[in-house]
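These protein sequence lines are chains A and B, in that order.
Using the numbering used here, the first residue of the first sequence is number 1, and each one after it goes up by one.
Using the numbering used here, the first residue of the second sequence is number 1001, and each one after it goes up by one.
To be clear, the hints were calculated from the coordinates, so they are not data collected in a lab.
Predicted, not measured: the structure shown is a model, and the values here were computed from it.
Where is the CB? At the ideal position from N, CA and C, for every residue including glycine.
There's no promise every hint is true.
[Said to hold, decoys possible] Facing chain A, according to a computed beta carbon distance under 10 Å, are these residues of chain B, among others:
1) H1006
2) N1049
3) D1055
4) T1058
5) A1078
6) E1079
7) Q1091
8) E1102
9) N1103
10) G1111
11) G1177
12) R1178
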Amino acid sequence: MSFLQCFLLAIKGISTSKMRAFLTMLGIIIGVASVIVITGLGNGMQNYMTDMFEGMGTRTLNINLTGRGSNRTISVDRMYEIAEENKEVISYISPKVTVQGQVRCLNENMRTSVTGVGEDYLLINSWEILSGRFIQYFDIAERKKVCVVGSYYASNDVFGTSPVGQTLKINGEAYTIVGIIEEIADSTQNSTDDMVLIPYSNAVKFSRNATISSYVASASSDESVTQARVAIENELYKVFLNDDLYSVISMTEILDTMNEMMDIVVGILAGIAGISLLVGGIGIMNIMLVSVTERTREIGIRKALGAKQRDIKSQFIIEAGTTSALGGVIGIAFGMLVASMIGPVFDITALPKIDSILLAFSISVGVGVLFGFLPANKAAKLNPIDALRNE
Amino acid sequence: MIRFEHISKIYQVGDDEIRAADDVSFNISKGEFVAIVGQSGSGKSTCMNIIGCLDVPTLGSYYLNGTDVSTMNDNKLAEIRNKTLGFIFQQYNLIPKLTVAENVEMPLLYGGYSNQERRAAALESLRRVGLEHKANSFPPQLSGGQQQRVSIARALVSNPSVILADEPTGALDSRTGREVLEFLQELNSEGNTIVLITHDNSIARKAHRIIRLFDGKIIYDGPADSDQAVVNPDIPHGEHIKKEENNI
Ligand SMILES: Nc1ncnc2c1ncn2[C@@H]1O[C@H](COP(=O)(O)OP(=O)(O)O)[C@@H](O)[C@H]1O
Ligand SMILES: [Mg+2]
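Produce the complete structure using the sequences and hints provided.
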């Protein structure tokens, strides 16, 4: 008897007793559904983190110099030299000085935070200029009172549509707007677009201790991120002689580490949920054993009419496999439904990857086949004379 | 066609040895209509199981169509049953969840025939028993007589060399029982070899030849119309016939 015929027979068997088939599948449905929910949430979480980190730039390195309790410092020029000496792995570097201060446009107080940056800051973040120009080397060298603003300033009512050329005040000092950066987020207040960038040489003057403790750098490629980090760390160590006094953090590396951790956590949870698949398999075996007993006469008839052991065996194994595969499909659908309802609670789109769906499906088929073996063997070994005798 | 050579079937029950068949030898040729009769416990089912390749003898050889099947394994026997034997059971033994046509098709399913071949042969077989209009019904929807005719159709579908009928009228009222017997006679007249198992002498007499068993041994093997054919060793002659005639 062909596989297709066995399969059709199994479908027939399932459809003639739907309630029982459903109860048989229940364990598998619950097991698969919980695996799908867990991997779905895990995947949603990872996607969310990836999006977040990609917004910060995957090649970006954040350098923080605390230098606390030590009189060692490193100059801006030395930092630029380090980048230059490692130019095959480090493309750009820029100081990043947060200014404590008030932005005032015409007569309006803004809540925008001001950051002092270098001329490569735009490239490090892969941003584009919407109009005007970015801060340039001579602005920094000559401490020009110029600034570049985010697209929020092109969309609010303060400057109308063309802020370039107009003036705003930072802590009372007048700065001329020389450029606008294209929209990065949604041009609203407090978004990334709500920013004012000035030459870092000016920003340092606003800060109390006049030192620069933050830099951003970008690696030349996604692959050289780690090399770039190590290169910078080595140079910083030579200066600070204590790796507690500085930190170089790569967003990609953090993301990778978090994803790895997430994979482990999801794997463990899915594994625990997967145990219920085992329980589901035992449920299938149980019902199949009952079914073999109930169908003793049918088996006897089939054998008397010429069914071989392997025909009976494959009939029951395929029936078990089909039952649990169906349970798997229902479980996948149910799990995706539940995941899509839970997702929004955590502000993520909880959708499992296609390979975890396929894996859940094949495991459920496998479980059915595995646990169908014992009942199928029992059925195949039945003696047709005994099977036909009893009434 | 069927040759039993000193067939014995011995069951060991505790310390006792039960000879369900005891040195049974006979030949059945193509086209014969033979009834195997005997009281309950005389060994009819044992012989029928061996003839039907559902069981193998403890001693002796069984030749079916010239090949020794008494030493074959399970799978080989299944193949022989499928290709050369047609079964008609007392309890019809139809599968209630399958349609009439699907029941009739079943031997062909295990014979490896295609869907269309099976369907065509099943309908043809059902036509022979006059039930083609019931092809898509389910067995429990049919009367006992109709169900037995379906099981006859199933026995015929694979064109077997031997049709084995085990108490085919046992569960039927006398009129439908007679119809079934007439149908078996008709099949025999078309050239089919038929082995009928019954405890009922009057039914056995519809066959051409009677093999009577008693305690696992053959005590009569000859024409069905001989007086001796219906003599039961432990019941006086006349009384016995009267009793059996009341049954039908
Ligand atoms: N599996 C078995 N185990 C032990 N004894 C059996 C078995 N099958 C049949 N017998 C015995 O063999 C004898 C013949 O049985 P059977 O062939 O069924 O007779 P019949 O069909 O003529 O009633 C009986 O005494 C029965 O008890
Ligand atoms: Mg019997």
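Status of the hints after comparison with the structure:
no.: 1; hint: H1006; verdict: violated (22 Å)
no.: 2; hint: N1049; verdict: holds (5 Å)
no.: 3; hint: D1055; verdict: holds (6 Å)
no.: 4; hint: T1058; verdict: violated (14 Å)
no.: 5; hint: A1078; verdict: holds (5 Å)
no.: 6; hint: E1079; verdict: holds (7 Å)
no.: 7; hint: Q1091; verdict: holds (7 Å)
no.: 8; hint: E1102; verdict: holds (9 Å)
no.: 9; hint: N1103; verdict: holds (9 Å)
no.: 10; hint: G1111; verdict: holds (7 Å)
no.: 11; hint: G1177; verdict: violated (19 Å)
no.: 12; hint: R1178; verdict: violated (25 Å)
The structure shown violates the earlier hints numbered 1, 4, 11 and 12.
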